[in-house]
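Participant: Dock chains S, C and V with the ligands against the given chain P, drawing on the hints supplied.
Residue numbers (our numbering), protein chains in the order written: chain P, 2 to 461; chain S, 2 to 461; chain C, 474 to 966; chain V, 474 to 966.
It is worth saying that the hints were derived from the structure and are not from the lab. Among the hints, a few may not be true.
Unchecked claim - Pairs of lysine to aspartate or glutamate residues, derived as EDC-like cross-links and limited to a Cα-Cα distance of at most 16 Å, are as follows:
#1 S/Lys53 x C/Glu605
#2 S/Lys32 x C/Asp585
#3 P/Lys72 x S/Asp82
#4 V/Lys770 x V/Asp739
#5 S/Lys171 x S/Asp194
#6 C/Lys525 x S/Glu270
#7 V/Lys519 x P/Glu240
#8 P/Lys266 x V/Asp739
#9 P/Lys53 x V/Glu913
#10 P/Lys32 x V/Asp916
#11 V/Lys513 x P/Glu40
#12 C/Lys828 x C/Glu605
#13 P/Lys28 x P/Glu40
#14 C/Lys604 x S/Asp54
#15 S/Lys198 x S/Glu220
#16 C/Lys604 x S/Asp431
#17 S/Lys28 x C/Asp688
#18 P/Lys49 x V/Glu913
#19 S/Lys304 x S/Asp319
#20 S/Lys198 x S/Asp176
#21 S/Lys413 x C/Asp916
#22 S/Lys77 x C/Asp688
#23 C/Lys638 x C/Glu683
#24 V/Lys828 x P/Glu40
#25 P/Lys28 x V/Glu913
Unchecked claim - Pulled from the structure, derived: some chain V residues nowhere near chain C, Cβ distances all over 12 Å:
#26 Arg491
#27 Pro669
#28 Gly886
#29 Thr907
To be verified - Cβ pair distances, simulated, as ranges:
#30 C/Pro963 x S/Gly320: 21 to 31 Å
#31 S/Arg305 x C/Pro963: 18 to 28 Å
#32 V/Arg642 x P/Lys168: 14 to 24 Å
#33 S/Lys32 x C/Ile923: 28 to 38 Å
#34 C/Ser854 x V/Glu934: 52 to 62 Å
#35 S/Phe429 x C/Pro517: 26 to 36 Å
Note that the Cβ used here is the ideal one computed from N, Cα and C, for glycine as well.
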Amino acid sequence: MNILNILKKKPRKTFMRYTSITPEEKKSMLKVVGVDRVEKLFETIPEKVRLKDTLDIPNAASETEIIDYFKTMGEKNVSADRWDCFLGAGAYNHFIPTTVDSIISRAEFYTCYTPYQPELSQGTLQAIFEFQTLICQLTGMEIANASLYDGSSALAEAVLMAQRLTKKSKFFVPDSLHPHYQKVLETYVSNLDIQLKTLPLTSTGMLDLDYLQKTLNDEYAGVVIQSPNFFGVIENIGEVTQLCKEMGAMTIVVVTEAVSLGLLKPPGELGADVVVGEGQSLGMPLGFGGPNLGFFATQDQYKRQMPGRLVGQTVDTDGQRGFVLTLSTREQHIRREKATSNICTNQGLCALICAIFLSTLGKRGIRELAEQNLKKAFYLKELIGDSIEFSGDIFNEMVVRCNQDPIAINTKLLDEGILGGLPLGRYFPDRSDQMLVCVTEQNHARNIQHLATALTATNK
Amino acid sequence: MNILNILKKKPRKTFMRYTSITPEEKKSMLKVVGVDRVEKLFETIPEKVRLKDTLDIPNAASETEIIDYFKTMGEKNVSADRWDCFLGAGAYNHFIPTTVDSIISRAEFYTCYTPYQPELSQGTLQAIFEFQTLICQLTGMEIANASLYDGSSALAEAVLMAQRLTKKSKFFVPDSLHPHYQKVLETYVSNLDIQLKTLPLTSTGMLDLDYLQKTLNDEYAGVVIQSPNFFGVIENIGEVTQLCKEMGAMTIVVVTEAVSLGLLKPPGELGADVVVGEGQSLGMPLGFGGPNLGFFATQDQYKRQMPGRLVGQTVDTDGQRGFVLTLSTREQHIRREKATSNICTNQGLCALICAIFLSTLGKRGIRELAEQNLKKAFYLKELIGDSIEFSGDIFNEMVVRCNQDPIAINTKLLDEGILGGLPLGRYFPDRSDQMLVCVTEQNHARNIQHLATALTATNK
Amino acid sequence: MTRTFTSTSLEEPLIFERSSPGKSAYSLPSLDIEDTPIEKIMDPDKFRSEVKDFPEISEVELVSHYTRMSTWNYHVDLGMYPLGSCTMKYNPKLNERVSRIPGIAFTHPLQDEQLSQGNLEILFRLQEYLKELTGMDNVCLQPAGGSQGELSGILMVRAYHVDQKNPRRFVLIPDSAHGTNPASATMSGYEVISIPSDGQGRIDIHALAEKMTEDVSCLMLTNPNTMGIFESDIEKISQIVHAKGGLIYMDGANFNALMGYTRPGDMGIDVLHLNLHKTFSTPHGGGGPGSGPVICKEVLAPYLPLPTVWQDENTYRLNSDCPNSIGRLHAFYGNFGMAVRALCYILTCGREGLKELSEIAVLNANYIRRRLEDHYDLPYSTPTLHEVVFTDSLQKPHGVTTLDIAKRLIDFGFHPPTTYFPLIVRGALMIEPTESYSKEELDSFISAMIDISQESFETPEEVTTAPSGAKVTRLDEVQAIRHPILRWSPKEE
Amino acid sequence: MTRTFTSTSLEEPLIFERSSPGKSAYSLPSLDIEDTPIEKIMDPDKFRSEVKDFPEISEVELVSHYTRMSTWNYHVDLGMYPLGSCTMKYNPKLNERVSRIPGIAFTHPLQDEQLSQGNLEILFRLQEYLKELTGMDNVCLQPAGGSQGELSGILMVRAYHVDQKNPRRFVLIPDSAHGTNPASATMSGYEVISIPSDGQGRIDIHALAEKMTEDVSCLMLTNPNTMGIFESDIEKISQIVHAKGGLIYMDGANFNALMGYTRPGDMGIDVLHLNLHKTFSTPHGGGGPGSGPVICKEVLAPYLPLPTVWQDENTYRLNSDCPNSIGRLHAFYGNFGMAVRALCYILTCGREGLKELSEIAVLNANYIRRRLEDHYDLPYSTPTLHEVVFTDSLQKPHGVTTLDIAKRLIDFGFHPPTTYFPLIVRGALMIEPTESYSKEELDSFISAMIDISQESFETPEEVTTAPSGAKVTRLDEVQAIRHPILRWSPKEE
Ligand SMILES: Cc1ncc(COP(=O)(O)O)c(C=O)c1O
Ligand SMILES: Cc1ncc(COP(=O)(O)O)c(C=O)c1O
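Chain P on its own, in the form it takes in the complex (with noise of 0.2 Å):
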């Protein structure tokens, strides 16, 4: 629909269909405050800043013509349901089993408040007891909160609760980190008394450990690592929190792809301090990169430094068990200026798909998804062979070093019905010829063949 139609309607007069007061009662309502018209309540307003043009803002649109509109939006997009996203860094596109939307679409979980009066809001709150749990289970970690915005703020939260704990100011952050995960922090941190100093990586894609070792000293609060990193290289995490335990830094983990904890050993098991991430992966889709999840899981003796809401389990007057949401000291509506974080409103709703999600994977499922998507990468991988730009071992995303303009790769891939990867020129110009790509077990056989044949392919 040209928008224009919209702008070209009859204003209406009235707009009842969201709102329940008739003419009528609106007349008796104003009888009772003790005005005549609604205009006089508005009187504190000091005229000078009154409004006094109409808004230049569309008349109001029927139904009809709004779902035609977006629908013409979502026609000018690409979108991965009808092509194969093999688009990965940071958002990825998996399978998202029905009973998801079912059960957000139920008003009782998507229209109600954080749940402040926790005797109305038994329901969001045991909920989301069971995310937290769930990310514990799946970090490896002891507790968990009751989410932050996505991810890179989730990073950036923790390296604040990092220089609270030790009181020191300088972290490393890898060069294997997003790129985007980077920038958000360095926003989050402009301000205050912290450092962050680059950490760089090897031909194999990991993190460089012996510079690590060289150079990590006892003024680092802590080491930023994201495992698989930006270039889907698994790290070794297991070493870094072993020298970051020597030296008195916290570890802190960034998973970006959290279907791989379903097969990787957990990053509690491998002595992190701190793991946050993106849970997108876990039953949110693509939607253009929002919403989506930040989870943030750590350990028991930080909870009182915690950034975040977090869910405890209490009983009421007649010893029943209930929940409600606990140690709010740490939190803005108590502590203020002296919160551990300003977040209020998080990111409840996708906390409660990631809930739903896992829960129809179980654990059966959850292995079962992450091992396709190593195996269909690792197929991917082995048809391209030689490309492979790291030798460390990846999870389901790789950077391949193509022939080709890879933008130009991309463009002919389209006509295929395929999403192609992320030319890494954007973010490195040094890798210009590279191509971050992804492969879930959305990804069909035959177009991971045609894929890995473009990628290979040399100039005509």
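Facilitator: This is chains S, C and V with the ligands only, laid out in the frame that chain P set:
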């Protein structure tokens, strides 16, 4: 997806997703029951009739495969969400407010049974009570039942009721009745003591009142009349009921396009004894013809001869209002071979859809909707001019005489994104140059113009 | 943890009582043509002034109206719903999803066959699978419910006999049959002869042999029957009926007991219906829509309702040219949306899955039977399959009836079983657990039943005054009948 | 008709307590490549053996688990939810529908701009409308919640001052402000100076003038403030702050009071955030996701977070080349799905509709205020807009506190108002009705509040022991803190 993919799949050992008993539990339950294998429980089935082979049904398919399969099927169809649809003839493409699907998707409504246990079914019962009332208001009748399968079987049930009430067996059925309704009626009465007599139409497209006046006598149990009729023409219901009253015959009015009742004088006001019809227009998608909604409304005096379920208001032991299925001594589960009908399961959820639809539109909306249909159909009629077959007033359907083969016209229109009308040759060989065209609020002005041009084009 | 607690729920008036002039919840497409006044189009005498008393409410109120009302219903997603004969199994969310795919949901029934190949393939495929599952030769998906399936089947039987030059006069129906059976027979122009059940809850084979004459058109048999008992004399029955030139109709409402274990086609059945809304998981919708395909042997195929779908090389076609067909039963193809869901279910479960479903359904019912048989009277000791029927005869001396037991279950957080059906069992309590629910849920139901039995002996008034935990207490059904109020009317001013 | 009744609800254990080995609810696509054992792919030492204690349940149980739990929540579709400051308005179903259109929902954030023109148009259009509604010059939709909007805004203010060669040290915040304001200031590297409120519930202008120095970076003002009072000295305030080179940040959480009546841009505001999950009807989701666009005047535009969307002839582009930007706050574009819903809402309501919503919201709040002011203490007599704050001071002498009143409302079928906020009002009861609900609903709330006040005088223990009609009675929050149990753990054997 190629269905062969489904067939090829490796069999899955257990199918837990829709069952909830673990292998361990199964064992312990078998022990309680006192058998060692579940097969033992089937031993009352004589060996000789037991199935030896495995079924020739595919192995279980995954959720993704199934979604892909049905999407592929959808793509093999032409559908009104992508083509502008001018087909009517008993199934109408009307706007469906978003509220409808949102409410009926609540498991509380769609997964429950017929409300035989009223204490746990007050939601359904109150909704049906409201539906019955809305149908009464719309048709101008005194009572209405909780639904029948569709408009055609509702008509058949009306004829059977009229026979029971009048103890007479002849019925007039007009040539302008929907041909499928005619067929269904014939099936239902085929072995009963009922004779159907045809009633011709005139060049107005309306039934021949003179003929009726001349031939109707006191042997007739009733006269069936569809308005707007199959050719879109609005009948003179009042005149028919007048004649019927004089002869002691009942007037059964059939409405296939229920939206017309938002604007046209209700049959009840014009003296109809029974008003039956199809409610699909009121909130149900075209759905390839089903599920849709038979409605049945009549006068209070006939309530004990009505077919189908009825919800009534009563009080509980505290004197509180509540609703129950009532007057069930008419029904098969009480009266068995003497029941007023064999119907049991009806179209409950469709009745709910209809109630939500009508409540969403409300008094003003149903009028506006009906007026839009009338206006748009009139717009097409004016564009077509002389080639309109019948001179009678129409609501939103009309018969057009074409200079070219209607089927060929449709083929051409299809490429322009238009799903044309119904070539009448399929039903009436002498009308093979004619097309029954329907215009609703959903059709775009530009496509109406296109259609008019195509319909009136002369042979090149 | 106890299973239930009490809490505050919200009342809600009738939509008409919420209405006030001026509110509205609708939004129609804007008219994109020049606006001609309707009086210019037609004689205003044809128009009504308005739909009197139609509701006027906002969208917000509309949503809260139905949302509140919805909370008064018990439903399958909440827990076990052991209504016997109704097969209240889980209705998969996936079914709902695929049935709403726009290319399927927004198709017009009269669009050309060539433009409906996807839908026709769906129908065809379902036809094939149902034939395979039942061991029959042909099928029509048109009947919109079980009872319409019955009507179709009996009409087909009649048409067959007419072709044999005698429609015959009677239909034999066991006294344990569902009410739709005799009603469908009547609507087909037959008279019904009731056949008693024997001491085991099966059809009395001697009575059958006696009543089976050459004036009998067919036997309508439910198998397993409404006691959940398999008619193990089926071969004998078949012999008796067929020997006299009669046919056997099978009411397949209880097919959930049989999948993968036996097929009507292998036991001498000539025609049957299935309830897709029972065995094949399509939702009951508070009373429909259902779907009752009619399925038959070759001998009856010429009489099937029209249209059916057949495959012609790579094209699917609607078969409407069949001179002996009993004709149409539905304006279009029946409840197509239910066929979509049923096919989805069959593909999801697969051959092994379907068999497993029947196994678990039968296991669950037998488990309940065993656990409750010391507490409730079991009228027949015959083995049962997917459901079990108890009576209230142990509790009745204490003034507690089946109705009371059913209502009391509500307070324990369960939907009651089917009551007083089959009619041949006095005070029947008919329990069908299906395969869906967990052992915890079954155990919890069993212990509620045992508790209620205890209460019946110790504190019977707790049972006879139940329910107290529902939207309403027991409703006055007599008043509803004596003074029927079948619609809302505005208060007289 | 009374508003409520009590009924039986179902309990439900934790998902882990429902789990038994061998059950499963999942169905993954089948592997369409040759199956290589994972040990052949990677050193098995990298693998975990399993996710210990992960749940194993069937789909049926999964659905009933969440369905039962859902019934323990109060929600917007059920009735009035008068949580002050939270704008619990109706969340249109249409928003949900359009946000799920596959071409929108399944787009990858890193796909090329050219392949995302639909999404970028959506973002661009929303940017334009928000600018118009607020009278500001530029906007970034990235902040994922109100508090992230605040953080962005204050970081922008800081970046501006840095460009003026002095970041300055303090941020002024009225004592009535929401907790996120001071917390965001701290995270931006500022120290907070609290400004008291005056006797009318407004910011104390003299105190402001006193504290406003050249070391103050900005004032964070909520307007209307958390008492629902418009800061009518806004021009004066603006003058005071700007005279010292400071800027004004406006917390726009209460924007639902103002649409079409006034615009922050016209009252001297330099930067603000809006909560799309309040004013623009995106659902609260039990605690998010929300969206907190940051909107500014030209002078701050260079500092906006990246990326924003701009239009270049007929193409929409992501702006990421802006050297003075404070940088990114989110891995991608924030909660895009909420932007889709907010745009849908704006297009649905249109210019007249948005204004009308604010009018009705303000009327409803004033109606409640007038009807309750004889029963509850009103701390300020100043006129209020969209919400009203009472206290418990009339009830307290009888032992009934704000907490008690809030809990008692539960038994009357309402969600409680916000309690004990703003902090400057002792025992605050903050009521925001929004524009959504009917007069019947408002009247019913009012009469519940009056009844509770009566009870406080006559039978205070009814109030102090409330609620009795919820899933749980009052919960022991102290124990939750003293012995935190933040996750389920398997019972030790
Ligand atoms: C045994 C039996 N036969 C027939 C029917 C009738 O099926 P329907 O309700 O679909 O008409 C039922 C269902 O109620 C039944 O239980
Ligand atoms: C006045 C006010 N400011 C800021 C916020 C914070 O918004 P958010 O929860 O989106 O971070 C809120 C909401 O709780 C609020 O009420």
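Participant: State for each hint whether it applies.
Facilitator: Tested hints:
{"no.": "1", "hint": "S/Lys53 x C/Glu605", "verdict": "holds (13 Å)"}
{"no.": "2", "hint": "S/Lys32 x C/Asp585", "verdict": "violated (57 Å)"}
{"no.": "3", "hint": "P/Lys72 x S/Asp82", "verdict": "holds (11 Å)"}
{"no.": "4", "hint": "V/Lys770 x V/Asp739", "verdict": "holds (11 Å)"}
{"no.": "5", "hint": "S/Lys171 x S/Asp194", "verdict": "holds (9 Å)"}
{"no.": "6", "hint": "C/Lys525 x S/Glu270", "verdict": "holds (12 Å)"}
{"no.": "7", "hint": "V/Lys519 x P/Glu240", "verdict": "holds (13 Å)"}
{"no.": "8", "hint": "P/Lys266 x V/Asp739", "verdict": "violated (57 Å)"}
{"no.": "9", "hint": "P/Lys53 x V/Glu913", "verdict": "violated (34 Å)"}
{"no.": "10", "hint": "P/Lys32 x V/Asp916", "verdict": "holds (15 Å)"}
{"no.": "11", "hint": "V/Lys513 x P/Glu40", "verdict": "violated (75 Å)"}
{"no.": "12", "hint": "C/Lys828 x C/Glu605", "verdict": "holds (13 Å)"}
{"no.": "13", "hint": "P/Lys28 x P/Glu40", "verdict": "holds (13 Å)"}
{"no.": "14", "hint": "C/Lys604 x S/Asp54", "verdict": "holds (15 Å)"}
{"no.": "15", "hint": "S/Lys198 x S/Glu220", "verdict": "holds (12 Å)"}
{"no.": "16", "hint": "C/Lys604 x S/Asp431", "verdict": "violated (39 Å)"}
{"no.": "17", "hint": "S/Lys28 x C/Asp688", "verdict": "violated (51 Å)"}
{"no.": "18", "hint": "P/Lys49 x V/Glu913", "verdict": "violated (37 Å)"}
{"no.": "19", "hint": "S/Lys304 x S/Asp319", "verdict": "violated (28 Å)"}
{"no.": "20", "hint": "S/Lys198 x S/Asp176", "verdict": "holds (10 Å)"}
{"no.": "21", "hint": "S/Lys413 x C/Asp916", "verdict": "violated (64 Å)"}
{"no.": "22", "hint": "S/Lys77 x C/Asp688", "verdict": "violated (50 Å)"}
{"no.": "23", "hint": "C/Lys638 x C/Glu683", "verdict": "violated (24 Å)"}
{"no.": "24", "hint": "V/Lys828 x P/Glu40", "verdict": "holds (11 Å)"}
{"no.": "25", "hint": "P/Lys28 x V/Glu913", "verdict": "holds (15 Å)"}
{"no.": "26", "hint": "Arg491", "verdict": "violated (8 Å)"}
{"no.": "27", "hint": "Pro669", "verdict": "holds (39 Å)"}
{"no.": "28", "hint": "Gly886", "verdict": "violated (5 Å)"}
{"no.": "29", "hint": "Thr907", "verdict": "violated (10 Å)"}
{"no.": "30", "hint": "C/Pro963 x S/Gly320: 21 to 31 Å", "verdict": "holds (22 Å)"}
{"no.": "31", "hint": "S/Arg305 x C/Pro963: 18 to 28 Å", "verdict": "holds (25 Å)"}
{"no.": "32", "hint": "V/Arg642 x P/Lys168: 14 to 24 Å", "verdict": "holds (22 Å)"}
{"no.": "33", "hint": "S/Lys32 x C/Ile923: 28 to 38 Å", "verdict": "violated (19 Å)"}
{"no.": "34", "hint": "C/Ser854 x V/Glu934: 52 to 62 Å", "verdict": "holds (58 Å)"}
{"no.": "35", "hint": "S/Phe429 x C/Pro517: 26 to 36 Å", "verdict": "holds (33 Å)"}
The structure fails hints 2, 8, 9, 11, 16, 17, 18, 19, 21, 22, 23, 26, 28, 29 and 33 (numbered hints given earlier, in ascending order).
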